[in-house]
Amino acid sequence: MFVLVVGGGKVGYYLAKELIESGHEVVLMEKDRGRAEQIADELGSIVVAHDGCEGRYLGEAGANRADIVTAVTGDDEDNLVICQMAKHHFDVRRTIARVNNPRNEALFRHLGVDEIISPTRMVLGSIEQDIPVHELLHLAALGGGELEIIEAHLQVDSPAVGRTPGDLTIPEGCSLFAVVRDGNPLPLRPDHVFRTGDKVIAIGRTECEELLHEQLIGSSS
Amino acid sequence: MKTVIVGCGRVGAVLADTLDRAGHEVIVVDTSTAAFDRLPASFGGNAVRGDGTDEGVLRRAGAADADLFLALTEGDNRNVIMAQLATEELGARRIVAKVNDPVRAAAYADLGLATICRTTLMADAIAGFLGLPMSGMPSVLPPGDLHHARAHRASDDAPVPPDAAAPQEA
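Chains as they are written, first to last, in the numbering used here: chain V, 231 to 451; chain R, 1264 to 1433.
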């Protein structure tokens, strides 16, 4: 696979290194000449010392034959432009962007970036998992962020307690598939009676989240 | 007409003053308060300090539902992201983004943004003055074959609003 990595910071550097070790063809673009030379010394002549936002240089780096373009610079606006240029100007099939401001995630998705990696969101997610909350926990995002795996921690007053999966109105585009009880993961059976402390694992479209919350935990206040 | 101008450089400041004097509602956003020194003392619009690529900043500045949104900072990519933010999230009716890289300017015109490219604009102005051949690249690009429907409706065909000089709404 030919992967074009734009941005030679820590993320771009280690990404390129890992990809090369897995046998992929990699070109890394880094606009800072000093940094580009430093990476080239370590990884070989895979570095193009130009700005990946410039259409011309993106073309020279081989964007038109790249299977994947991944934009991992520290600037959201640069990452968006790199992915959009790759997608619409060079017909790259798959684009991946790093997003720093979590509020940009929806915009990026809406504007056609295939995959969004948000370090800020990931750290937030980890912090949330350590705090007992009456909310749904986001465990993972799939399908470029359209789908997510979430966990609902049932409380005493949760409407699902004492009921079976069939008693609940599960929104379309959403599926409950497992439950963690006393630390043991169990497949969710139709005769499972939910009780306080159950952690219900579901996969669903992001827009179903509110309905799912209502069914499992209760109306959001 | 409500106009939002992000980037209070020379061009941004001149346009802000012109629109303000013509009686329009003008909001100018820049990351540096020193940039607002370019506005004349008579300027009656709002000058807000903040990052124009941040949706929260733009909303707090009152930039939602603008009739006209001009992205005029020195960063092509910043202009491009905020122009798309303005159409997709903030309901701007018409936008113009300054994009100085001619390749990017053409690519974003294809994606539905009206773009102005200072590089070809200046090069052709100089070439025209000296009687040299023109670059052959357009400087003002209307939104072309569009990829989002909302941007299509928002930006029409002309990159510059014909009613910019005459106040029609308060």
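Quick caveat, the hints were computed from the structure, so don't treat them as lab data.
Just to be clear, a hint being listed does not mean it is correct.
Stated by the list, open to error - Below, a sample of chain R positions facing chain V; criterion: calculated Cβ distance under 10 Å:
id	residue
1	1283
2	1284
3	1317
4	1342
As the list claims (entries may be wrong) - Distance windows between CB atoms, simulated:
id	chain 1	residue 1	chain 2	residue 2	range
5	R	1281	V	292	40 to 48 Å
6	R	1281	V	286	56 to 64 Å
7	V	292	R	1395	54 to 62 Å
All C-beta atoms in this analysis are idealised placements derived from N, C-alpha and C, irrespective of residue type, glycine included.
A quick look at each hint next to the structure:
{"no.": "1", "hint": "1283", "in the structure": "violated, 28 Å"}
{"no.": "2", "hint": "1284", "in the structure": "violated, 32 Å"}
{"no.": "3", "hint": "1317", "in the structure": "holds, 7 Å"}
{"no.": "4", "hint": "1342", "in the structure": "holds, 9 Å"}
{"no.": "5", "hint": "R:1281 to V:292: 40 to 48 Å", "in the structure": "holds, 45 Å"}
{"no.": "6", "hint": "R:1281 to V:286: 56 to 64 Å", "in the structure": "violated, 35 Å"}
{"no.": "7", "hint": "V:292 to R:1395: 54 to 62 Å", "in the structure": "violated, 34 Å"}
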